[in-house]
Amino acid sequence: MLNFTRADFPEGFLFGTATSSYQTEGHSFGGAGPTHWDSFAATPGNVVRAENGDIACDHYHRFAEDFDLVARAGFDAYRFSTSWARVLPEGRGAVNEEGLDFYDRLADALLERGLKPCATLYHWELPAPLADLGGWRNRDIAGWFADYTEIIMRRIGDRMFSVAPINEPWCVGWLSHFLGQHAPGLRDIRATAHAMHHVLLAHGRAIQTMRALGLDNLGGVFNLEWASPADDSEAARDAAALYDGYYNRFFLSGVFKGCYPDNVMQGLGPHMPKGWHDDFDVIGAPLDWCGINYYTRKVIAPNDGPWPHHHEIEGPLDKTFMDWEIYPQGLYDFLIRTARDYTGDLPLYVTENGMAAPDIIENGRIDDPHRIAYLDAHVAMVRQALAEGVPVKGYFIWSLLDNYEWALGYDKRFGLVHVDFDTLDRTPKSSYHALTVALTRT
3 MLNFTRADFP EGFLFGTATS SYQTEGHSFG GAGPTHWDSF AATPGNVVRA ENGDIACDHY
63 HRFAEDFDLV ARAGFDAYRF STSWARVLPE GRGAVNEEGL DFYDRLADAL LERGLKPCAT
123 LYHWELPAPL ADLGGWRNRD IAGWFADYTE IIMRRIGDRM FSVAPINEPW CVGWLSHFLG
183 QHAPGLRDIR ATAHAMHHVL LAHGRAIQTM RALGLDNLGG VFNLEWASPA DDSEAARDAA
243 ALYDGYYNRF FLSGVFKGCY PDNVMQGLGP HMPKGWHDDF DVIGAPLDWC GINYYTRKVI
303 APNDGPWPHH HEIEGPLDKT FMDWEIYPQG LYDFLIRTAR DYTGDLPLYV TENGMAAPDI
363 IENGRIDDPH RIAYLDAHVA MVRQALAEGV PVKGYFIWSL LDNYEWALGY DKRFGLVHVD
423 FDTLDRTPKS SYHALTVALT RT
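First residue of the sequence shown: 3, per my numbering; consecutive thereafter.
No lab work stands behind these hints: they were computed from the structure. All values reported here derive from a predicted model rather than from experimental measurement. Ideal placement from N, C-alpha and C gives every residue a C-beta, glycine not left out. Possibly wrong hints are sitting among the right ones.
Distance windows between CB atoms, simulated [claimed, not checked]: (1) P308 / D134: 21 to 31 Å; (2) F423 / T45: 19 to 29 Å; (3) T429 / K259: 25 to 35 Å; (4) D427 / A379: 26 to 36 Å; (5) R443 / I363: 24 to 34 Å; (6) Q386 / M324: 22 to 32 Å.
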């Protein structure tokens, strides 16, 4: 059982769960075009067993069944993403009406079940033809993304409770262009500097586009990871501060303060795109809320290598199946810091929080007490932040379903609902049943 109920939260506080398009829908259906994730996954060594999102959870055909699960659990809202390549198979130009029709049906199905649709326009699956033109390295992507935003939001924007342009800009920029762990799989500091700036420029252009369409309740979603120094030395503190700078503060500062952290620009500054200083009026387009995705912390140690002169070391805390430390305190700290330093009275949402575990069906059941404990501990931090006046308005669990976990294929299970990837059968886990009790309205 969970140690909270709805009665512990203010009236109107939203509980939700989340998925993303490429991870669940099945990208080989419905006229979707190729993405850079398809080519990344087809390249040996990039993804476990070269697995891809061709079928995924077949959410494309099974979304009604999945939304029934969301509604039965007592959730208020459902966060999903739209696929750029499903709507515009070439990234630009001709629209795939079948793709628009799919999101039309999806929006209506959520509303029919009393669920608030919370859309994210981009969750990492860039159309391959745009990747061929440089993708996030190319400044033109801000315009391409604005055009896509207008097409999809003209169709479904009237039914959305909330919209955010881009999920987790750090993953789009740093993880994919500096560390090379996600598509397009680059390890290039110039590409990183360009991508990190252009993803925020595209965010701002999308917000402006949606405002022009008359939409509101628009926000940004940032993945934040607490950085702890490996020891008490000044070098370790500086290393952790730099990690915090390019992981967390770069994106929040760009959107809410119109600048980038000095310690990050010491490394990225020489590689930034021409004219970047002039883009903050667009990047800082006013938002109605801010979303925080939080999972873990990292312990950071300095080294003598090239910039950023540091590396991660293993921490002492219990870990999830992703080998991520379980550190609920970080969620509280980020809620406090984000409101204090960046957003003030702006509503905050925990837009993702959850854990991967090696969940196995035994006698038709999946018991996941570890996930229940993880959720309990993190929800407790949300309650603590609320008690101290932080305007947290909702909490979304990642994920509804076990799904395609990017470079890790189908091994890492984050879902409240187990998916058999051979039969595609859904089986709610004990965490799902515990949430159903906690969220029941009395």
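Here is how each hint holds up against the structure:
The hint said 21 to 31 Å for the Cβ distance between P308 and D134, and at roughly 29 Å that hint holds. Look at F423 against T45: about 22 Å separates their beta carbons, and that is inside 19 to 29 Å. Separated by about 46 Å at the C-beta atoms, T429 and K259 break the suggested range of 25 to 35 Å. Checking the proposed 26 to 36 Å range against D427 and A379 shows it holds: the Cβ atoms sit about 30 Å from each other.
Separated by about 30 Å at the C-beta atoms, R443 and I363 satisfy the suggested range of 24 to 34 Å. The hinted window of 22 to 32 Å between Q386 and M324 holds, with their beta carbons roughly 25 Å apart.
Violated hint for the displayed structure: number 3, the only one.
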